[in-house]
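Peer 1: The listed protein sequences derive, respectively, from chains A and B. Okay, so the first sequence: first residue is 1 according to my numbering, each after it adds one. Okay, so the second sequence: first residue is 1 according to my numbering, each after it adds one.
Derived by calculation from the structure, the hints in this document are not laboratory data. Do not rely on the hints blindly, as some may be mistaken.
Computed list of lysine to aspartate or glutamate pairs in EDC-like fashion (alpha-carbon distance at most 20 Å, straight line) [unchecked claim]: (1) A:Lys5 with B:Glu168; (2) A:Lys8 with B:Asp77; (3) B:Lys53 with B:Asp77; (4) A:Lys45 with B:Asp10; (5) B:Lys155 with A:Glu7; (6) B:Lys155 with A:Glu12; (7) A:Lys45 with B:Asp58; (8) A:Lys45 with B:Glu4; (9) A:Lys31 with B:Glu11; (10) A:Lys8 with B:Glu168; (11) A:Lys45 with B:Glu12; (12) B:Lys156 with A:Glu12; (13) B:Lys156 with A:Glu7; (14) B:Lys155 with A:Asp6; (15) B:Lys53 with A:Glu36; (16) A:Lys31 with B:Asp10; (17) B:Lys155 with B:Glu143; (18) B:Lys155 with B:Glu112.
Ranges between beta-carbon positions, derived for each pair [claimed, not checked]: (19) B:Thr60 with A:Pro35: 22 to 30 Å; (20) A:Ala70 with B:Asp77: 53 to 61 Å; (21) A:Leu66 with B:Pro116: 58 to 66 Å; (22) B:Ser131 with A:Trp9: 21 to 29 Å.
Heads up, the beta-carbon is just placed ideally off N, CA and C, and yes, glycines get one too.
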Amino acid sequence: MNERKDEKWLDEQLQRAINTTRPGFDADAWKQRHPEAYEALISRKQQASGPGTKPSRRVRLMVGALAVAAVIFIGVAIFLMQMPPGEPQGPEVAIAPKAPSAARIVSMMSLRMAYHQGGEEALSQQLDAALKKLGPRPSKLSALQVLSDLEG
Amino acid sequence: MLVERALAGDEEGFTALCRRYYPALVAIAHALLGDRHLAEDAAQQALAQAALKLPRLDKTEQFGSWVAAICRNAARDVGRRQRRFQSHRDIPIEMAESARDNAGPAVRAALEQLEPQAKEVIYLRFYDGLSYERIGAVLGISEQAINGRLRRAKKKLAQHLRRAGFGEVQL
Chain A
1 MNERKDEKWL DEQLQRAINT TRPGFDADAW KQRHPEAYEA LISRKQQASG PGTKPSRRVR
61 LMVGALAVAA VIFIGVAIFL MQMPPGEPQG PEVAIAPKAP SAARIVSMMS LRMAYHQGGE
121 EALSQQLDAA LKKLGPRPSK LSALQVLSDL EG
Chain B
1 MLVERALAGD EEGFTALCRR YYPALVAIAH ALLGDRHLAE DAAQQALAQA ALKLPRLDKT
61 EQFGSWVAAI CRNAARDVGR RQRRFQSHRD IPIEMAESAR DNAGPAVRAA LEQLEPQAKE
121 VIYLRFYDGL SYERIGAVLG ISEQAINGRL RRAKKKLAQH LRRAGFGEVQ L
């Protein structure tokens, strides 16, 4: 009791009161006592390296875009390779004969019938009626020109 | 880093992490429970919970203070289960004690009077001489803050010892 009590004395007392053998972690004992925690730990490694690992959404999108681009590129390349050299670059456009309209056909038939039945006068009247339907009649166009056109 | 390795399921990385923090966790649990064997149980339970919850840890650099918080909760659970949490002062404490030194029981009694935070820092510092770095890692505070906390705890201890008739302790 008579000894000098300072911080060093207190530290020694605390060392004696608290100090025990240093606790050591026993991994094997821990695994046996906590198998669920150990399994969870190990499963993360399997998830990280397993074959069923799904790539991220971004990677999947990039792969998809690259696949589409590759298909387009291959298609264009095949198309260009099949074209014979010297031909114009670009597809030929087939020009279909232009069919006359139904109103024009009907008007021409009625004009032919009017000429055969009533002569030039009847033709002129029928022509006026047809042009009212088809559009304005050109002033220079005579009944005879229309008739020759109809006769081919 | 060991935490990243453990997160990736590396068993050796996790074991190394456990070896690093186990003494500090036992010290924390011992400060709460007053029993070495129960403290080791609590520390192992804390590490088991850490293995399960590790993917939820946002800041891996805070692993020490995170697992220490888990350990405090585990120790409280162990204490409740053992019905010793409130009365652990009565149980025999298997601490090394010199037969010729009669200050031991008084020092232990003084330790029991400390606030939990002060008691915890004392246990951490004197549990086989844990380094300030390791203590700082589990408490999440700087070495300066550890020093301040230790000094205040020792002053409290000195007051309790003086009241117990051990005279003045010069700090």
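Peer 1: Hint by hint, say whether it matches the structure.
Peer 2: Against the structure, the hints:
1. A:Lys5 with B:Glu168: 7 Å, holds
2. A:Lys8 with B:Asp77: Violated, at about 36 Å.
3. B:Lys53 with B:Asp77: 18 Å, holds
4. A:Lys45 with B:Asp10: 6 Å, holds
5. B:Lys155 with A:Glu7: Roughly 10 Å between the alpha carbons, so the hint for Lys155 (chain B) and Glu7 (chain A) holds.
6. B:Lys155 with A:Glu12: Satisfied, since the Cα-Cα distance of roughly 15 Å is no more than 20 Å.
7. A:Lys45 with B:Asp58: With a Cα-Cα distance of about 19 Å, the restraint between Lys45 (chain A) and Asp58 (chain B) holds, given a limit of 20 Å.
8. A:Lys45 with B:Glu4: 12 Å, holds
9. A:Lys31 with B:Glu11: Holds. Lys31 (chain A) to Glu11 (chain B) sits at ~11 Å (cutoff 20 Å).
10. A:Lys8 with B:Glu168: With a Cα-Cα distance of about 13 Å, the restraint between Lys8 (chain A) and Glu168 (chain B) holds, given a limit of 20 Å.
11. A:Lys45 with B:Glu12: 12 Å, holds
12. B:Lys156 with A:Glu12: At roughly 16 Å apart (the allowed maximum being 20 Å), Glu12 (chain A) and Lys156 (chain B) satisfy the hint.
13. B:Lys156 with A:Glu7: 13 Å, holds
14. B:Lys155 with A:Asp6: 11 Å, holds
15. B:Lys53 with A:Glu36: Given pair Lys53 (chain B), Glu36 (chain A) holds - Cα atoms ~12 Å apart, limit 20 Å.
16. A:Lys31 with B:Asp10: 14 Å, holds
17. B:Lys155 with B:Glu143: Holds: Lys155 (chain B) and Glu143 (chain B) sit about 18 Å apart, inside 20 Å.
18. B:Lys155 with B:Glu112: 14 Å, holds
19. B:Thr60 with A:Pro35: 22 to 30 Å: For Pro35 (chain A) against Thr60 (chain B), whose Cβ atoms are near 25 Å apart, the range 22 to 30 Å holds.
20. A:Ala70 with B:Asp77: 53 to 61 Å: 59 Å, holds
21. A:Leu66 with B:Pro116: 58 to 66 Å: 60 Å, holds
22. B:Ser131 with A:Trp9: 21 to 29 Å: 23 Å, holds
Consistency note: the structure conflicts with earlier hint 2 alone.
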